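Number of protein chains: 4
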Amino acid sequence: MNKLVIAPANSLIVQSKESKKRLLPVNGDGFGVGWYPLHDDPEPARIVSIEPAWSNQNLIQLTSKVSSEHFFAHVRDASKGMPVSQSNCHPFTSGRYMFMHNGRLDQFTKFKRNILNGLSDKAFNLIKGNTDSEYAFALFMDVINFAENLSPEQLKQGLYETIKRIVAYRVEVGANTNAFINFAVSDGSTIVATRFATDQHKQPASLFYCKGCFEYDHNKDDILVEHGIGNNVIICSEPLSETSHGWQKVERNHAVIVHENNNVSVEKIPIPYQS
Amino acid sequence: MNKLVIAPANSLIVQSKESKKRLLPVNGDGFGVGWYPLHDDPEPARIVSIEPAWSNQNLIQLTSKVSSEHFFAHVRDASKGMPVSQSNCHPFTSGRYMFMHNGRLDQFTKFKRNILNGLSDKAFNLIKGNTDSEYAFALFMDVINFAENLSPEQLKQGLYETIKRIVAYRVEVGANTNAFINFAVSDGSTIVATRFATDQHKQPASLFYCKGCFEYDHNKDDILVEHGIGNNVIICSEPLSETSHGWQKVERNHAVIVHENNNVSVEKIPIPYQS
Amino acid sequence: MNKLVIAPANSLIVQSKESKKRLLPVNGDGFGVGWYPLHDDPEPARIVSIEPAWSNQNLIQLTSKVSSEHFFAHVRDASKGMPVSQSNCHPFTSGRYMFMHNGRLDQFTKFKRNILNGLSDKAFNLIKGNTDSEYAFALFMDVINFAENLSPEQLKQGLYETIKRIVAYRVEVGANTNAFINFAVSDGSTIVATRFATDQHKQPASLFYCKGCFEYDHNKDDILVEHGIGNNVIICSEPLSETSHGWQKVERNHAVIVHENNNVSVEKIPIPYQS
Amino acid sequence: MNKLVIAPANSLIVQSKESKKRLLPVNGDGFGVGWYPLHDDPEPARIVSIEPAWSNQNLIQLTSKVSSEHFFAHVRDASKGMPVSQSNCHPFTSGRYMFMHNGRLDQFTKFKRNILNGLSDKAFNLIKGNTDSEYAFALFMDVINFAENLSPEQLKQGLYETIKRIVAYRVEVGANTNAFINFAVSDGSTIVATRFATDQHKQPASLFYCKGCFEYDHNKDDILVEHGIGNNVIICSEPLSETSHGWQKVERNHAVIVHENNNVSVEKIPIPYQS
Chain A
1 MNKLVIAPAN
11 SLIVQSKESK
21 KRLLPVNGDG
31 FGVGWYPLHD
41 DPEPARIVSI
51 EPAWSNQNLI
61 QLTSKVSSEH
71 FFAHVRDASK
81 GMPVSQSNCH
91 PFTSGRYMFM
101 HNGRLDQFTK
111 FKRNILNGLS
121 DKAFNLIKGN
131 TDSEYAFALF
141 MDVINFAENL
151 SPEQLKQGLY
161 ETIKRIVAYR
171 VEVGANTNAF
181 INFAVSDGST
191 IVATRFATDQ
201 HKQPASLFYC
211 KGCFEYDHNK
221 DDILVEHGIG
231 NNVIICSEPL
241 SETSHGWQKV
251 ERNHAVIVHE
261 NNNVSVEKIP
271 IPYQS
Chain B
1 MNKLVIAPAN
11 SLIVQSKESK
21 KRLLPVNGDG
31 FGVGWYPLHD
41 DPEPARIVSI
51 EPAWSNQNLI
61 QLTSKVSSEH
71 FFAHVRDASK
81 GMPVSQSNCH
91 PFTSGRYMFM
101 HNGRLDQFTK
111 FKRNILNGLS
121 DKAFNLIKGN
131 TDSEYAFALF
141 MDVINFAENL
151 SPEQLKQGLY
161 ETIKRIVAYR
171 VEVGANTNAF
181 INFAVSDGST
191 IVATRFATDQ
201 HKQPASLFYC
211 KGCFEYDHNK
221 DDILVEHGIG
231 NNVIICSEPL
241 SETSHGWQKV
251 ERNHAVIVHE
261 NNNVSVEKIP
271 IPYQS
Chain C
1 MNKLVIAPAN
11 SLIVQSKESK
21 KRLLPVNGDG
31 FGVGWYPLHD
41 DPEPARIVSI
51 EPAWSNQNLI
61 QLTSKVSSEH
71 FFAHVRDASK
81 GMPVSQSNCH
91 PFTSGRYMFM
101 HNGRLDQFTK
111 FKRNILNGLS
121 DKAFNLIKGN
131 TDSEYAFALF
141 MDVINFAENL
151 SPEQLKQGLY
161 ETIKRIVAYR
171 VEVGANTNAF
181 INFAVSDGST
191 IVATRFATDQ
201 HKQPASLFYC
211 KGCFEYDHNK
221 DDILVEHGIG
231 NNVIICSEPL
241 SETSHGWQKV
251 ERNHAVIVHE
261 NNNVSVEKIP
271 IPYQS
Chain D
1 MNKLVIAPAN
11 SLIVQSKESK
21 KRLLPVNGDG
31 FGVGWYPLHD
41 DPEPARIVSI
51 EPAWSNQNLI
61 QLTSKVSSEH
71 FFAHVRDASK
81 GMPVSQSNCH
91 PFTSGRYMFM
101 HNGRLDQFTK
111 FKRNILNGLS
121 DKAFNLIKGN
131 TDSEYAFALF
141 MDVINFAENL
151 SPEQLKQGLY
161 ETIKRIVAYR
171 VEVGANTNAF
181 INFAVSDGST
191 IVATRFATDQ
201 HKQPASLFYC
211 KGCFEYDHNK
221 DDILVEHGIG
231 NNVIICSEPL
241 SETSHGWQKV
251 ERNHAVIVHE
261 NNNVSVEKIP
271 IPYQS
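First to last, the protein sequences are chains A, B, C and D. Residues in the first sequence are numbered consecutively from 1, following UniProt numbering. Residues in the second sequence are numbered consecutively from 1, following UniProt numbering. Residues in the third sequence are numbered consecutively from 1, following UniProt numbering. Residues in the fourth sequence are numbered consecutively from 1, following UniProt numbering.
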């Protein structure tokens, strides 16, 4: 994982202190890494910390020494008033599912109870922290009914339905400012990542992907993306290398789907703007 | 505060590692200190940490250098499955109220949603963590309707009513194992502390109090309690000094009330056993 | 302390995430507050944390509820390779002295052992961490021979002598890049703060001071400095208010001395450039 | 690693709160896990935390999801006055070597500077914390001259020589109380673990080993050791299972050597008592 999390010129640890695509560059309220083990185990591992990623020796060790062909990594910038705690770190996991969120469900406190009230006991008990993101994940687990074997289509529709319900809750309580809904979910085989804003006049957070063979170029101190060759896929909120070729920008209110064979498709999310 | 939190032979930091009155002696899942400032400020301060108290330099500094005539101190042993986070540390505060809990509301997950559903939005939004203790505090704040000026009687009745409602919720869902309800609440003037078990066949956690003039005895490396003289009051789950004279054991299902003039009264809590 | 640490438009917690006068704006590797108690106690208190200051509830509580007329506050940006630990947080204290450092003793590893070898056992045992800053403080304590009652002149000369010795160690090992030596020391009565660079072609870190009556202006969401009136003094690496009037920039290789009566003097530090 | 670190009846996380073989049962000042990756990488990984092991979700995740055939795990009880920091957590690593210590080099402050002064710059710069254990590791690295390929005999002799030098330093400064020297070192192939006390009238910390096939017995909620069958080796300060058969106690001032083929030998350490 080091090759992607630590080594690149604009790696996640660089983004934790100096991200390029945000108004404020700091994501210093903890980090998390989730990965599917190489050995036969369908459930992902999750290591989180409330420490900033940039100085974290455990993160360097973990990503340098643990191998995985399928992982999530996240650095957090806590929304105002949201406690910094391990329970609030992404990714969130349940069974074989792993979920993370880049963004903010604006006016969350207005519809927090509505979400809670609608959850099954099982989903309610999943929640250990108090962020909009974790609530969204609990909602997702309810939407898919905690099913263990979804088709890629079901996984995608499950995520879309989660967004629809969030929008519905927001409409219900009159939360009409923008919700930034960049979600990513995986079941270990398929990944679905969204770039979505509820307000047509606002931009969602950025999202990029890239397919190819990633080699770290020690001369350029950068990741080298030879697209067309190789079969790995990266989805990230900002390109990891300084050379931008190879990185595809995901359009607003679109989703990226990475299939088991690493084929990538992009499609418009069939959900109307809230306003 | 040092004289009481750090210096005594069986001080809170000793209790964090080697408490005497519990099956397991360790309370290493964080600590908290809340105090009413000496200057004119009705709202208590709260410093908490997820680090064990026993080695904590900040705790030593804080209690040695900050003066207060009215404070709470707590070391936590997290119930199984309850996250260790600053949000889950005691004491909890709201306005002029400070609250802490020694014990466990058994089968909390069974009636957690019931409590939540009954809370006002204001009390709901108080909750930053996910412990039974913090839920009990939110319930208390609703019971007293967030009123700022309660008489000592109202404060006490508010705490009793909180216990009654907890018992009612438990009955509702069939939670019939013992709930350990040692609560302490203060408004800066009056303290009410309970020693309560819902099951008549189980013992609540221990509770003691002591009134007198506390001087640290450097020869004996212990706190010296000269009861009868002086006018300070300590309430604690275990005597702080090794010499037991001066410490009054609080009987089960009784409450200690400390009035503004440091007069102490003890009374039976007028709530029947749940079973 | 809140009025100065938390409330201002460019407060320390703002500086922890978005400082204005540095190449990189983040100081997220912990914080520390040291203060002299209002009651009769010559030795300062010290609360430190490895958590970023910006989200820290303890810092808000502490500075809001503890009063002091003489305090230091620091946010840290760890030099590369320097561990983030409580031991490495500023301010450092010993007896009645409190010390902090904004800057970096370049090529520290080259002369670290030289400093160590020159320390008395008492100063050697002061060191709990491994930063250039703490080593400089240990050196200072040796320079003043751990004396408890220095005149303001002796305090100042002690700090200058510390700088001289650091420069001498650096010359000894050929460390010829710039050392950023913004030190601040207090004995509870007098404060001496330096703005010093060893290389005449490099700028030291910024330093400002201000004298007056500080009132928080709720309309402007800013600190209001009425200089000429009032008698308080602030020394800081960046002005705390957005309106710059009232703030005096300290020239390079000068020192600010604040006397017990809050008289301020500024003087050139009589130490030549290293190169 | 879960099968050994988390699952056993007297697992490391149980020992963190309720160890059986110590005067005080708590080892709550952080933990560390070091492991050699299964893939081709001679250098161990190291994850450490200042949080108590007993409640740590990261530790559960790590040991459940990362596989290794060769690992160290440690829970710390900080000696009085030794800071709790990640730098002070065991195991310590350098290149392919991993090292940990159970015990205490009594009167360490007396000979700390002597050790420091004798270190090469390379070993000096290894040190990030301030414990006797880490100093011993730096000394070991100097003894073996940072060589990358030692024979098992050289590894063992290197550890013995390290002990000899520590004893010599202690004699030099008159540190004549007992030093508890239970060291464990590995180069990824061979493990050497000592049980040593410098004072013939004092007992060293406990040490056990066990060879066999370890299966977790869900009925007994315990680890099942079928010795004679299987070829795995555990060395630990306390037996991990409640049934004591299969566990070999290591005699005082003896060493256990585990060879690459998992053959185990035990021998007397050829170093005389200090007193």
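Simulated from the structure, these hints should not be mistaken for lab results. Heads up, a few of these hints could be off.
Since the list gives no way to pick out one identical chain from another, each pair is judged satisfied if it fits inside one copy or across any two copies.
Think about it this way: if two alpha-carbon atoms lie no more than 25 Å apart in a straight line, the pair counts; the simulated BS3-like pairs of lysine-lysine are [stated by the list, open to error]: (1) K110 / K268; (2) K3 / K80; (3) K122 / K80; (4) K249 / K110; (5) K249 / K128; (6) K17 / K164.
Predicted, not measured: the structure shown is a model, and the values here were computed from it.
Consistency of the hints with the structure:
no. : hint        : verdict
1   : K110 / K268 : neither (28 Å within a copy, 42 Å between copies)
2   : K3 / K80    : between (32 Å within a copy, 20 Å between copies)
3   : K122 / K80  : between (28 Å within a copy, 18 Å between copies)
4   : K249 / K110 : neither (32 Å within a copy, 47 Å between copies)
5   : K249 / K128 : neither (34 Å within a copy, 37 Å between copies)
6   : K17 / K164  : neither (33 Å within a copy, 35 Å between copies)
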